[in-house]
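Take a look at the letters that make up each chain.
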Amino acid sequence: MQPGDENLVALARNGDHKAFEELVERHKQKAYRIAFDFARDREEAKDLSQEAFLRAYTHLGNFDGRSGFYTWFYRILVNVCLDYKRRKKRTFAEEFNEAVESQVEPSYVSQKPPSPDQQVLAGQLSRKVGAALESLPPKQRTAFILRNNQGLSIKEIAEMMQTAEGTVKVHLHRAVTALRQSLAEFA
Amino acid sequence: MQHDKSAGVACTQWEEDLVLHYYGELRGSERAAVEDHMRGCQPCRFYLKELESILPLTVKPDEPPQAFWDDYSREMRRKLTEMKERKSWWQSLASFAQPWAIPVSATAFVAILALTLTLGKGFWRSKEVPQDDEVFMEILPAAENLEFFKTMEVLDAMDFLEDMGSPVKGSA
Chain A
3 MQPGDENLVA LARNGDHKAF EELVERHKQK AYRIAFDFAR DREEAKDLSQ
53 EAFLRAYTHL GNFDGRSGFY TWFYRILVNV CLDYKRRKKR TFAEEFNEAV
103 ESQVEPSYVS QKPPSPDQQV LAGQLSRKVG AALESLPPKQ RTAFILRNNQ
153 GLSIKEIAEM MQTAEGTVKV HLHRAVTALR QSLAEFA
Chain B
18 MQHDKSAGVA CTQWEEDLVL HYYGELRGSE RAAVEDHMRG CQPCRFYLKE
68 LESILPLTVK PDEPPQAFWD DYSREMRRKL TEMKERKSWW QSLASFAQPW
118 AIPVSATAFV AILALTLTLG KGFWRSKEVP QDDEVFMEIL PAAENLEFFK
168 TMEVLDAMDF LEDMGSPVKG SA
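Each protein sequence line maps, in turn, to chains A and B.
Take 3 as the starting number for the first sequence in this note's numbering and just add one per residue.
Take 18 as the starting number for the second sequence in this note's numbering and just add one per residue.
Think of the hints as simulated: they come from the structure by calculation, not from any bench.
Each residue gets a CB set at the ideal place from its N, CA and C atoms; glycine is no exception.
Hints are not guaranteed to be accurate.
[Claimed, not checked] Keeping only pairs whose Cα atoms sit at most 27 angstroms apart, straight-line, the calculated DSS-like set for lysine-lysine is:
#	chain 1	residue 1	chain 2	residue 2
1	A	LYS32	A	LYS90
2	B	LYS96	A	LYS90
3	B	LYS66	A	LYS30
4	B	LYS66	A	LYS90
[Claimed, not checked] Chain B side only, calculated, beta carbon under 7 angstroms to chain A, not exhaustive:
#	residue
5	GLU33
6	VAL36
7	TYR40
8	GLU42
9	ARG44
10	LEU74
11	VAL76
12	ASP79
13	MET93
14	VAL121
15	LEU134
16	THR135
The whole structure should be built from the sequences, with the hints applied where relevant.
This is the structure:
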């Protein structure tokens with residue numbers, strides 16, 4: 003029987019480094035996907051999620067067990083992603099252009115090459131979505147990404163954001179309204 | 018019901034519930050109330066359809082290959098090892114900072130400060146005491162003034178003698 007996250011945390015706090023590596027293995031894919039939703043770039047998502055693991059490792063002493071490791075760690079991860087967005091000076095348009103130039107747009111490197119028209123439309127859409135998400139206030143963006151992209155429940159998001167469920171619903175509603183207005187042409 | 022006649026604009030008071038309905042966050046009576054409302058409200062039905070077509074577009078799928086995950090784990094282990102090494106270096110440094118070391122250091126500091134002030138006080142005071150030459154230079158003008166007054170006293174005495182030796186005015 004596999005030990006629970008909390009047991010692994012206890013072991014890691016007592017100096018068992020393998021226990022923390024096991025936690026990384028368990029949560030790396032989910033962590034990467036959340037980071038990818040914020041960064042929309044593979045390498046950046048990898049760096050951000052790894053940075054979150056390192057911060058969690060450094061601050062394991064602060065984990066009091068009141069929430070699950072999952073909630074505690076994803077709170078760190080979301081903060082790392084939001085900090086990164088704040089630090090970042092470049093616009094999404096620049097990021098997108100770079101990604102296209104270096105051909106690291108994973109969603110469009112599919113088995114069947116898209117037609118030029120599809121590529122243009124996909125490019126427009128991706129640019130527009132990126133800009134629309136970028137323009138959302140951090141709390142709205144977080145609530146939206148965690149619900150829309152990660153499928154977390156309102157309750158889980160509220161716990162992660164350390165706020166009331168009603169507040170999360172308001173953030174989500176406002177985010178959806180803003181995105182709907184920005185992306186109406188693609189409906 | 019208050020809503021705009023244009024398509025895609027839902028009733029204001031139902032909008033948030035429609036968003037929650039889209040995400041499957043409504044249960045029981047709340048869900049039934051929204052569905053009941055939508056049956057009679059075309060703009061709200063249209064709004065929900067619009068959400069169904071727009072919101073999935075915001076998700077950018079990404080499925081990295083296995084090689085990516087292997088690399089991820091390898092890189093993570095390396096970063097953790099580096100961090101552990103840094104941590105152990107700091108820990109060895111911090112081991113000097115035992116609980117008893119803080120009051121001992123503070124006492125030593127106070128003692129050194131007290132000694133410095135005590136010994137330093139004499140040093141600074143000796144600097145403040147004027148040198149012999151300086152004392153002489155200060156006394157000299159005073160002595161000169163004294164000499165002047167002495168001269169004046171002699172002159173007064175001479176005038177007095179002259180007055181005594183001369184015939185009384187008006188006696189001739």
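Hint check:
For the given pair, LYS32 (chain A) sits about 23 angstroms from LYS90 (chain A) by alpha-carbon distance, which is consistent with the 27 angstroms threshold. Proximity of LYS96 (chain B) to LYS90 (chain A) is assessed by CA-CA distance (about 23 angstroms); at most 27 angstroms being required, the pair is judged to hold. As the CA atoms of LYS66 (chain B) and LYS30 (chain A) are separated by approximately 35 angstroms, the hinted pair breaks the 27 angstroms bound. Only pairs whose Cα atoms come within 27 angstroms are accepted, and LYS66 (chain B) paired with LYS90 (chain A) is rejected, the gap being roughly 35 angstroms.
A distance limit of 7 angstroms between C-beta atoms decides the matter here; for GLU33 (chain B) the minimum to chain A is near 4 angstroms, and the interface restraint holds. At a threshold of 7 angstroms, the smallest CB-CB gap from VAL36 (chain B) to chain A is about 5 angstroms, leaving the interface hint in force. A cut of 7 angstroms between beta carbons decides the hint on TYR40 (chain B): the least distance to chain A is about 6 angstroms, and the hint holds. A hinted interface residue such as GLU42 (chain B) counts as satisfied when its beta carbon comes closer than 7 angstroms to some beta carbon of chain A; here the least separation is about 5 angstroms, so the hint holds.
Taking 7 angstroms as the C-beta contact cut-off toward chain A, the hint placing ARG44 (chain B) at the interface is violated, the least distance being around 11 angstroms. Taken as an interface hint, LEU74 (chain B) checks out: its beta carbon lies about 6 angstroms from the nearest beta carbon of chain A, inside 7 angstroms. For VAL76 (chain B), the interface hint holds, the least distance from its beta-carbon to any beta-carbon of chain A being 5 angstroms, beneath 7 angstroms. For the restraint placing ASP79 (chain B) at the interface with chain A, the shortest Cβ-Cβ distance is roughly 5 angstroms, inside the 7 angstroms limit, so the hint holds.
Checking MET93 (chain B) against chain A: minimum C-beta separation of about 5 angstroms stays under 7 angstroms; hint holds. The beta carbon of VAL121 (chain B) comes no nearer than 26 angstroms to any beta carbon in chain A, farther than 7 angstroms, and the hint placing it at the interface is violated. At its closest, the beta carbon of LEU134 (chain B) sits 42 angstroms from a beta carbon of chain A; the interface hint therefore is violated under the 7 angstroms criterion. For THR135 (chain B), the interface hint is violated, the least distance from its beta-carbon to any beta-carbon of chain A being 45 angstroms, above 7 angstroms.
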